[in-house]
Amino acid sequence: LGIALGYDRSLLGIDAIGIMGTMSDGKFEEKTGGENPVTMKSLGVGVYATEQIGRVNLQAVGQIAKVDHSSYREIEFDEYVSEVSGTWDGMTTAASLLASTEFGSGAFRMTPSIGLDYFKLDQDGYSETASNGLNLWVSDASTDRVTADAGIGFAYVWREGADSSRTGPAYTSYNNSNRYRPMVRAGLDIGYRSTLSSTPYEVDAGFVGYEDRFTLSATEVFEDAATVGLSLLAGSELLKIRFGVDGEFSTDSTALTANAAVKLRF
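Numbering (our numbering) for the sequence shown: 7 to 272.
Some hints here could point you the wrong way.
DSBU-like cross-link-like pairs, simulated, lysine-lysine; straight-line CA separation at most 35 Å [claimed, not checked]:
1) Lys33 - Lys126
2) Lys72 - Lys126
3) Lys72 - Lys269
4) Lys246 - Lys269
5) Lys246 - Lys33
The set of hints was computed from the structure by calculation and includes no laboratory data. None of these values were measured; they are calculated from a predicted model.
Sequences are here, hints too, so could you generate the full structure?
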């Protein structure tokens, strides 16, 4: 669950430059057996800009966010039983650049796009608390990733009055005659994401009160992946409600997500 607020205006000859604030709160379940919930809260600030150059729309976004995690694990291994909890903080840095255009002036639209994304997580060190007193400590850690993606979107757009106003990401129709008119947009997005560079997640760890230490490394690696998304958007230029399902498919993993969003424009 999250919320984002932004304010933008035309500035320095650029169509729109804005600032934004974001807040999110989520709970996840680790599929490792037993009850293993992880909760995450984040609070971020960022800047964004968009510029229309001919038929090409450019969008850039940069954001930093403070993240707080808490976890709980039930561990059972033969006669070893323990309940473990922990909290840790961190900072994320993210930036993206997207170029897109739209073809089609009727109900059917096609939107090719290319993009570049950067993400970095800096995690503070922390110690867990175990019910049997065997407390694990974990060092600071940092991981980052740079990806490039290319894709194409197909959409069917209905707008009251059946005019040819473009409504895709490369065009805006925000004026007095259009802002209250209802519209519906159904979309299919197909793409491919390639990892250009990455730093795997790796930490030093040990048990409080013991001298021995060891290294923990993430078993998952960043892979190239095919992406597919389905979405349905309804509303007007002032209010939009969107439902979507996204899939990411790589050689060793598959990820499916569902999302819903409400967007207000003032």
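Quick rundown of the hints versus the structure:
no.	hint	verdict
1	Lys33 - Lys126	holds, 21 Å
2	Lys72 - Lys126	holds, 12 Å
3	Lys72 - Lys269	holds, 24 Å
4	Lys246 - Lys269	holds, 5 Å
5	Lys246 - Lys33	holds, 26 Å
In this structure, none of the earlier numbered hints is contradicted; all agree with it.
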